[in-house]
Amino acid sequence: MKLSGWFVIGFLTMAVIGVIWWISIPPEVEIRTSLSAVDAMSGDTEGYLRADGPREFVFPDDHGAHEGFKTEWWYYTGNLFTGDGRQFGYQFTIFRNQLNPPAEGVDTVTEESGWSTDQFYLGHFALSDVENKNHIYEERSSRGAIGLAGARAVPYRIWLEDWEVQRVGGESGSDPRFPVRLKAKMVGGAAIDLQITPAKPLVLQGDRGYDQKGSTAGNASYYLSFTRMDTKGTLKINDQLFEVSGHSWMDHEWSTSALDEDQKGWDWFSIQLSNGYDLMYYQLRLKDGSVSRFKAVTLVDPAGEKVPIDQEDATLEVLDHWESPHSKSSYPSQWKLTIPRVDLSLDINTVFPDQEMDVSVRYYEGAVAVAGTMNGEEISGHGFIEMTGYEGK
Amino acid sequence: MNNEPYISLGRLTKSYQEGSVTRAVLRDLSLDMDEGEMIVLLGRSGSGKSTLLNLISGIDKPDTGKVLIGGTNLVSLNEKQRTLFRRNNIGFVFQSFNLISTLTVHENVLLPLKLKNNADREAFRKATRFLEEVGLGDRGDSYPDRLSGGERQRVAIARALANEPLLILADEPTGNLDYKTGQLILKMLHTLVRKNNRTIIIATHDRDICQIADRVFNLQDGVLNEVKNHTEITGE
Amino acid sequence: MKRSKTNLLWRSSIRFLLQHPWHFALSILGVALGVSMVVSIDLSNSSAQKAFSLSTQAVTGEATHQVTGAADGLDESVYRQLRMAEKPLKSAPVVEGYGRLSVVNRTFRILGVDPIAEAPFRSFASQKAGINLSDFISGETTGLVSHDVASELGLAVEDTLMVSVSGHTFPLRLIGLINPDNDQTRRALENLLVVDIGTAQKLLNMPGKLSRIDLILPENTNERAIKNITTLLPEGADLSRSDSRSQAVSQMINAFEFNLQALSMLALLVGMFLIYNTMTFSVVQRRPLIGRLRGIGVTKREILRVVVQEAILIGVIGTAIGILAGFFLAQVLLKLVTQSINDLYFVVSVQELSIGIYPLIKAAVLGMGATLLAAYWPAREASNAEVSTVLNRSSSESKIKGRIGTLALAGIVVGGLGGGLLLIPNGRIGMGYVSLLMIIIGFSLTIPLLVTGLTGLIRPVLSTINGLIGKMSAQGIVTELSRTSVAIASLVVAVAATVGVGVMVDSFRTTVVSWLEIQLQADVYVQVPRAVTRKADGELDPTVVLRLKQTDGVAGFHTVRSVDVHTNFGIDQLVAVDNEVSSHNTYQMKESEPGFWNRFRNEAIVMVSEVYAYRHHVDLGDSVFIRTDRGRAGFQVAGIFYDYASDLGTITISRNTYDAYFDDPAVSGLALYATDGADVDELVKRLRSRSEGLQEVLIQSNRGLREASIAIFDRTFTVTIVLRMLAMLVAFVGVLSALMAIQLERKREHAVMRANGMTPGQLWSYVITQSGAMGLIAGILSLPLGIIMAYILVYVINMRSFGWTLQLMVSPALLMQAVLLAFLAALLAGIYPSYKMAKASPADALRNN
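Residue numbers (full-length UniProt numbering), protein chains in the order written: chain A, 1 to 393; chain B, 1 to 236; chain C, 1 to 849.
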């Protein structure tokens, strides 16, 4: 063999080593943690405050957070229109979760660091662009500490970082129908900045604001609503800014455990009718797919008074379904709601089908269009439908 | 070609520097040889015999003059060409045998053939044949240090002959051997050289060798003198 | 056909090597030792680096940028402002520090995070990874370690660990284990304790403060967007790239590692001499054989090729063995290197070697390269061997004898050039090593001359001691100069290397000890136990400070505050001292502006350590810009002082000035002066009892601290000392192999002597005397070279890599040790050959061929 042959051998050896090296470099792999995880949303209810009967509300304090209860939310939904009639739906919700039961009714957190807390906040913000059948949403969360998130009664402010609903004008005033400013912006740039003023007084849902949802004692919530609020402001989507106005609905509800073991989910309507009436209807569904006996209907007249009706008076019929391409869940998309006692018959349709919220807890929150009759009179309306528990169907 | 001598040394001079003194070893030395001739070179130690053999084999170069072997002038070749010429055309038999201690007997005979690029099988056969010719056919796998002096010299003869050289140079081939063995080796060398029609120069101070030679020369003071009557010298 | 021809030559070579197993083995040993040194140093360095970068990577996560504060962290309100800012930005707060798990006494990096914000940054610490927020963020002291750490320490979920930080101990409930899914991440999390940000603030005593805020900015973020973010930040806070910090940190250890590498290269150089030496022997010994081959008609090129092939064989085997041995050696060195790095720079936990392919390729290239380089001259010499018909040696000896003058001249020229290189101002470290190498080579070239001279000197001595045999022994060294001088040269280099490194470490130590004498003027020192010796973390409890100051027997005090700050040069240590009157005696100024101490207290001036000035090319009158709580401020350098405590350098400022620029009342250390005539040990006891139960602090007397400092110094240099011992081993083996080879090679000569009537005892004496004489000559010659090497290491290499002024300190004991090393190894080397010869029948060796 020639001298060069030896060098070739040497070179080849190096080359082979080099190739093996390249192959042997492990790909960058994400560091993953697996823990004996307990979902913060569920778990033991032991030690928390319970909704165990009607109570006296004190305002404005009861607009704020009710620490000690496990779960609480402030739910803003609404249908907004531009001057030329283009429709948008919006949902803005701040959830509060308590991580540990309060020790003797007070927060367990010792104040050694401002960061330590038992309060966990989650926010959802969604927009439905009806014209483009486009539904966009975002979720964020934070601990309720060092001012990152919170729910304050006086002056009213519910916030999660730069998403917030805040009382405007006369901040310490005693006006029970105080206006708020709602501001939220998604990473992508879509945003709302709305001035919201209740057009009717606060409604105490259920039995004076106590809403029994299961047969087990304590499976209930405290539930307050502003069913019709005049809304005005700007909405930005796809880098386009719109002047919008319309009606919003706000639910404020808190509980520690609401559902029974055999309850799987709910269908929840909030509707503002053209004749000045507002309608809230929900039904809980059982695991076998049937409708639970726990359902609720509230009809609020134009003056803001609850029309007395029994939950048995309402009937809801599903006329059509839509299968989500994201979750493969099949959600109802068209309903007929009748309440013969007040001579009400409504056809309800989602304004477009795909308004599923594919976030940490998957659910459906969508704008609906309503048409029908009440007392023989043709009416229409706008509202929102919330559906949960359709996974795996 | 026939008119030209087979080997022709023309007016060779060679001198060495020893300190400040220049010592001339060969002075204007000339010699012609025919193919198949056997020449004996006599001379005392230090008379320049080895120097002359080195010049003839191309190991060394003369200061002046020419070395013509089979039509090639070694003087005009460079070191590498001379080495290749030597490898292909000259066979050696040394006083100190100069076998390669790290090769077996058979491999020692094989080495020059391999160097000459003989085909493997043919080389192998040739090496075996010449080992048999020197009577060592059964010792091929031994290492040189297992052999007696005579046996080693026989290997060296086989090595020189197997190469089928133009010229064999033997430098004191019997110098390290006892008298009887020496005679045996000489006889073998003589027989085989004649049988294979090889040309050979034997440098020696052993005058017995003169009897088998075609011509005998005496190297003295750097000059060659032909010795006509060996017996005279032998008788000394 | 060509192949089979080469095979026959190759076969001959192999048989030769196998017939001389000693030479063969020694050649291989030479390569293997050199290679193993390089491999082990490389592997341990790269393992430490790898562990560092892995843990940095784990801690940095996906962050691209970070917001950091001035000295004492960043106010957490900055984070809120960022989160509340108009533009949605990916950000996560971090509180970081070090603590020890008391049971295992191992330092952990405490990483405080907000798991809710972590998902885009560090998935293992994020809420999505399944961290139970109820346990984690609600204020209870809880944390996570990796699965491996848990099983290593025998921990299970729900166990309580004792975490000790800056003298305070906290019980911590382990609420979960991080399950890395591959090796890399497993190792990245080896010394990480993940806690909630609130918990971290509590553990590290940083209420309301963050260490930094990590950000992920999109790749196309432009200057303006960055500026927009910067406008949200308060004075003193700064936005920088995340990798800049880890770069700054890893640069710290570059000089340290470079020096270790240089030591290993020195070993390889010595190894090369060994290879050269043994290859030369192998060729010289075969000169007759080669001559015969040439006679038969083997060309020069064919001879060259065969010798090169042998070298390749030796190189391959030696390199392979060297790499294997390097692995084992690296296991030992790794601990030492890690120890030094932890003491000096930052905490890195390296539990295992990371076997990168790069060090292996480097070792293979160096091993093969060194072998071929070292074998080149012998191979050439072989191919130039006389085409011989008779044995003929003397010619080559006469050649070298005729050339010793020329060689020496060449040596002086090369060495002179090497020395000249040192004179080039502002030379780099690499240049220092080049000139070191040139001086070594130059010195080696003069060795034949020196050996001849020295032999002339010792010949009468030996002949007096050992008569004729002594004289013969001395003469033998000169008659075979071509081989003896190579052997001696390799010994000289090897032994000199040990002298050089030894003198350097000695000089360093002496300088530091005398510096400490002056530095430590107070009687008692109070410090917070620190995880990293030279890192500023930890604060003394103000109540502790107050109590200790008011202890009986305390006449005076001064305090020290030491923080890491951002300067225009990166992250630097800033030391604030108060009570300038008493503290100023402790500073030895190298240079200072007139009236420095008068101005120091009230003006915006600083003094920097010598190392700092050197590293950053700072001179008197220059300014250092420091990010303070008042924004970026310039401080004029008005003094440069000697300091051997930090190889990174420090900036020292008066406490008065510090307080004007930083909102940080904390104290890192306290120096107390005892009242006249007080018993310091009693005072220490009193102080200890007074601080009991408040904070675990280190209270040491002047003497105690000095001893502790020296102990740390020694520990830091353990790795150097180990390397020096290895170099000594290489040198020892070198002496042994070279001299043994010479003596074995002379078998025939010895046989002649035996045949001529030398008794085995006389032969023994002859061989030992000669061997010993060569060892002695090598030992003596190694001293000047060793001292020159030390000089270069101390005044050039050290100066250029660290910037310290050291006093060259040559201890006679060290020099004696070197000579003794060479001499003993040489004696030992004589034993085997003479034993073998004395036993063997001379007839065997005399037989031809």
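Quick caveat, the hints were computed from the structure, so don't treat them as lab data.
One or more of the hints may lead you astray.
[Unchecked claim] Listed below are several chain B residues computed to face chain C (Cβ distance under 8 Å; list not exhaustive):
(1) R87
(2) I100
(3) L103
(4) E107
(5) K114
(6) L166
(7) C210
(8) I212
The beta carbon of each residue, even a glycine, is placed where N, CA and C say it ideally should be.
Hint check results:
1. About 2 Å separates the beta-carbon of R87/B from the nearest beta-carbon of chain C, less than 8 Å, and the hint is met.
2. Hint on I100/B holds. Least Cβ distance to chain C is approximately 6 Å, under the 8 Å limit.
3. Annotation: L103/B was flagged as interfacial toward chain C, and the flag holds, the nearest CB pair being 5 Å apart, inside 8 Å.
4. With its C-beta approaching chain C no nearer than about 6 Å, E107/B sits inside the 8 Å limit, and its interface hint holds.
5. Taken as an interface hint, K114/B checks out: its beta carbon lies about 4 Å from the nearest beta carbon of chain C, inside 8 Å.
6. Residue-level restraint check for L166/B is violated (minimum Cβ-Cβ distance to chain C is 13 Å; threshold 8 Å).
7. Restraint check, C210/B versus chain C: the minimum CB separation of about 22 Å is more than 8 Å; hint violated.
8. At about 22 Å, the closest approach between the beta carbon of I212/B and any beta carbon in chain C exceeds 8 Å, and the interface hint on this residue is violated.
Hint violations for this structure: numbers 6, 7, 8, all remaining hints satisfied.
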